[in-house]
Amino acid sequence: MHSTLVRAQNVFGFFTTVAFCTAILTALSVLLTAQEPSAKIELRNVQVVKGRPHYYSPKKEEYAHIKFDLDADFTSLFNWNTKQLFVWVVATYPSSDASSLSQAVIWDTIINSHSQTHPFNPLQLFTKPPPPKKSSKANKPSAKKPKADPEPGMIHLKNTKPKYQITDVSGILSERTNVTLEIGWNVQPWVGALTWTLGKGQALGRWKGVDGGKSKAFDMPPLKKKSVGSETVVSSEETPQAAEASAVI
Amino acid sequence: MADELLQQAQELFEGQIDFEGQKQTELISTILLAVSGLLAFILGFALQNVYVTLWTGLGGAALAFLVVVPPYPFYNKSPERWLPSGSGMAGSGIEIDGKKIN
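Protein chains in written order, with full-length UniProt numbering: chain E, 1 to 249; chain C, 1 to 102.
Think of the hints as simulated: they come from the structure by calculation, not from any bench. We treat Cβ as the ideally placed atom computed from N, Cα and C, and that holds for glycine. Some hints could be false.
[Stated by the list, open to error] Some but not every residue of chain E turned toward chain C, in silico, with C-beta under 7 Å:
hint, residue
1, Met1
2, Val11
3, Ser115
4, Trp196
Let the sequences and hints guide you as you build the complete structure.
Dropping the structure here:
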């Protein structure tokens with residue numbers, strides 16, 4: 001510590017050690033908060049149509065368009081160390097050789113935590129909040145937030161269109177049996193380990209597995225008969241509407 | 001002339017402090033940083049806000065840097081009393097086996 005440079009180096013070195021230890025403590029502290037996620041997912045409608053992956057692909061495959069209802073409560077998955085929650089719905093069915101399961105994601109979303117959307121900046125304490133834009137008649141401007149943001153993690157979807165239309169490696173999806181829709185999630189923390197879906201019945205200390213989260217088994221319908229001379233093109237950018245099809249040249 | 005200027009610049013950048021001061025800076029920096037790390041975690045956990053941990057930790061580290069790194073005069077309160085230069089020459093009184101050496 002005899003010179004300025006040496007002191008700076010020593011202090012910085014110990015600072016990185018302390019920062020690392022604080023990060024470890026933060027990452028471990030998430031195990032203390034209880035988790036009890038629950039989800040209810042139901043099939044609404046499924047259609048199987050023939051289509052191409054993109055406009056110029058020569059091979060035609062069968063695509064399933066699965067609409068579903070989802071009611072989920074993932075608010076307990078958010079703790080102080082959660083940055084984002086990634087949730088998805090996957091369709092699972094036994095594959096052609098009957099010894100393994102095929103899975104394809106039909107829908108997913110990113111849910112930001114409050115700390116992500118409202119980061120706390122200490123400089124806010126020193127600047128006055130901007131005056132309210134609309135001139136309120138009788139109410140004086142309130143000192144607290146106007147309306148508390150709802151807790152992130154509640155999902156209510158009714159008859160949602162899927163984000164992705166799924167196909168199978170073999171190209172045949174029609175009349176497959178024993179298809180289920182399952183929900184899964186991935187918690188992305190500020191510091192620490194990624195944590196994935198905890199299945200029904202599993203538990204990790206105070207964390208409980210998901211309650212529900214799997215739909216009843218259903219069968220894929222037979223191929224939907226399209227009118228002669230039209231065909232569906234499935235490209236990654238646009239999802240064709242249910243009753244539309246682009247004409248084949 | 002340039003020698004003296006260079007000497008002054010060197011001393012300014014080197015920022016030496018005496019041994020007592022070095023002990024103090026070591027102690028102060030360790031305590032400040034450890035406390036700021038612990039306080040950052042406790043405050044953030046209590047307020048359930050990760051950003052509180054971040055800013056408290058960074059603020060404590062900045063404070064440690066400010067207190068310890070610049071060579072403040074109070075770190076130089078007990079300088080070493082070196083012998084005057086040139087005293088290694090004749091007349092310094094080194095004795096080996098009872099005989100005085102020049």
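Against chain C, run the beta carbon of Trp196 (chain E) and see if the smallest gap drops under 7 Å. violated, 21 Å
Minimum Cβ distance from Met1 (chain E) to chain C below 7 Å? holds, 4 Å
Hold the hint about Val11 (chain E) up to the distance rule: shortest CB distance to chain C must be less than 7 Å. holds, 5 Å
Please verify that hint: Ser115 (chain E), Cβ, nearest Cβ of chain C, below 7 Å or not. Cβ of Ser115 (chain E) sits 5 Å from chain C, so the hint holds.
Violated hint: 4 only; the structure is consistent with all others.
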